[in-house]
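*Asks:* Single-letter residue listing:
Number of protein chains: 2
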Amino acid sequence: MSGKLESAMSSLVELFECYALKDGDRLHLSRREMSNMFHEELGDLIKRSKDPQKTAEILTNMDQNLDGQVDFEEFISMVTKFTMCSFDYFTMDRTVVYTSRCGNPW
Amino acid sequence: MSGKLESAMSSLVELFECYALKDGDRLHLSRREMSNMFHEELGDLIKRSKDPQKTAEILTNMDQNLDGQVDFEEFISMVTKFTMCSFDYFTMDRTVVYTSRCGNPW
Chain E
1 MSGKLESAMS
11 SLVELFECYA
21 LKDGDRLHLS
31 RREMSNMFHE
41 ELGDLIKRSK
51 DPQKTAEILT
61 NMDQNLDGQV
71 DFEEFISMVT
81 KFTMCSFDYF
91 TMDRTVVYTS
101 RCGNPW
Chain W
1 MSGKLESAMS
11 SLVELFECYA
21 LKDGDRLHLS
31 RREMSNMFHE
41 ELGDLIKRSK
51 DPQKTAEILT
61 NMDQNLDGQV
71 DFEEFISMVT
81 KFTMCSFDYF
91 TMDRTVVYTS
101 RCGNPW
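Protein sequences, first through last, are from chains E and W.
Going by full-length UniProt numbering, the residue at position 41 of the first sequence is 41; the numbering climbs one at a time, nothing skipped.
Going by full-length UniProt numbering, the residue at position 91 of the second sequence is 91; the numbering climbs one at a time, nothing skipped.
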């Protein structure tokens, strides 16, 4: 039975493939597929970003080898940077929630 | 409304905190918390790994700055490497599933 971590990893792979598959090449996101993904998946997060410049930089520099498309490694590297710079957003007011959701840690 | 990508990012942060919070320090995983996470969350994936040596290397090198604990950046860098080397596992037999789950891409 896969845990929450394996499920999150699996859904990142599945999500990448869902968008990449649109033009038949499931291993690369085209520019258009990338832009669809940003709007559909990260629209809210981009709007609420406390550092819009940093966010724009992460997204624009996704195509690290400048081949005009994004492979899975480039995609997940973006996800890593984006999650890092949204860490505070994701953990806002969570300490209270935690003690109930993770069980009493002390 | 958050998309699948934002949910996966959020659950990575939440998962990290759930394990890190056990000793009260929600920003670092201790060795023991790390080991609990591996067994509870990645046990199946580790067993099924096609490259056990690579998997072991990723997990052992998680504490990149050798301070005896793992912060979120080190954790998500491990998740990135682990997802990369499990990409084939996560995409096995998925092309058929995809056309139904993502809608017809052509």
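Do not rely on the hints blindly, as some may be mistaken.
Same chains, same label: a pair holds when it works inside one copy or across any pair of copies.
What the hints assert, rightly or not - Only pairs whose alpha carbons sit at most 25 Å apart, straight line, appear in this in silico SDA-like list of lysine to any residue:
#	residue 1	residue 2
1	LYS50	GLU14
2	LYS81	ARG26
3	LYS50	HIS28
4	LYS22	ASP51
Derived by calculation from the structure, the hints in this document are not laboratory data.
*Asks:* If the cutoff is 25 Å on CA atoms, where do LYS50 and GLU14 land: within, between, both or neither? Let me know, please.
*Replies:* For LYS50 and GLU14, the Cα distance is within 25 Å only across copies (20 Å; inside one copy 28 Å).
*Asks:* Could you place LYS22 and ASP51 in one of the four classes (within, between, both, neither) given a Cα distance threshold of 25 Å?
*Replies:* This pair counts as neither: shortest intra-copy Cα distance 31 Å, inter-copy 30 Å.
*Asks:* One pair to classify: LYS50 and HIS28, alpha carbons no more than 25 Å apart. Within, between, both, or neither?
*Replies:* Classified as between: cross-chain Cα gap 23 Å, same-chain 29 Å, threshold 25 Å.
*Asks:* Check LYS81 against ARG26 for me: Cα-Cα at most 25 Å, and say if that holds within a copy, between copies, both or neither.
*Replies:* Result: close both inside a copy and across copies, 23 Å intra and 20 Å inter.
Against the hints set out earlier in the document, a violation occurs for number 4 only.
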